[in-house]
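Sequential numbering of the sequence shown, starting at 402, is according to my numbering.
Quick caveat, the hints were computed from the structure, so don't treat them as lab data. There's no promise every hint is true.
[What the hints assert, rightly or not] Computed spacing ranges between beta-carbons, pair by pair:
1) Ala483 / Ala458: 16 to 24 Å
2) Cys435 / Asp463: 16 to 24 Å
3) Pro439 / Arg484: 31 to 39 Å
4) Gln480 / Val434: 16 to 24 Å
Just so you know, even glycine gets a beta-carbon here, dropped at the ideal spot from N, CA and C.
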Amino acid sequence: MNLRAVFVSLSLLGLAALMAAAAPAPAAAQSRVCGINPSDWCSAPAGDPCGRHRNVAACRADPACYGMPYQGESVVACQLDARGFASNCPTVGCTSTPPRPAGR
402 MNLRAVFVSL SLLGLAALMA AAAPAPAAAQ SRVCGINPSD WCSAPAGDPC
452 GRHRNVAACR ADPACYGMPY QGESVVACQL DARGFASNCP TVGCTSTPPR
502 PAGR
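Turn these sequences into a full structure, and let the hints guide you.
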């Protein structure tokens, strides 16, 4: 094998390695944090009875449930009530876990 053939072989191997590294991961391997998009509706933890609610109105109507606050970027801070529903930000899910107090 001459020097040119070795160079071409190594170049092709390098190109293949670069292409493999740049390829996007399969959808199953990609994880996206729920609650950072205003249109998200996040699942409650497994077994959470409030997970049956599929929208804000149903969640708010159940006194045992709390809203999951929006976690994305906002120009102003979200103003949450005692049950985790905001007057100026979207609610992105429903859970039986009370929201953490502000400042924690």
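Results of checking the hints against the structure:
Here the CB-CB span from Ala483 to Ala458 is close to 18 Å, well matched to the stated 16 to 24 Å. Taking 16 to 24 Å as the suggested C-beta distance range, the pair Cys435 and Asp463 conforms, at roughly 20 Å. At about 19 Å, the CB distance of Pro439 to Arg484 disagrees with the hint of 31 to 39 Å. At roughly 22 Å, the beta carbons of Gln480 and Val434 sit within the given window of 16 to 24 Å.
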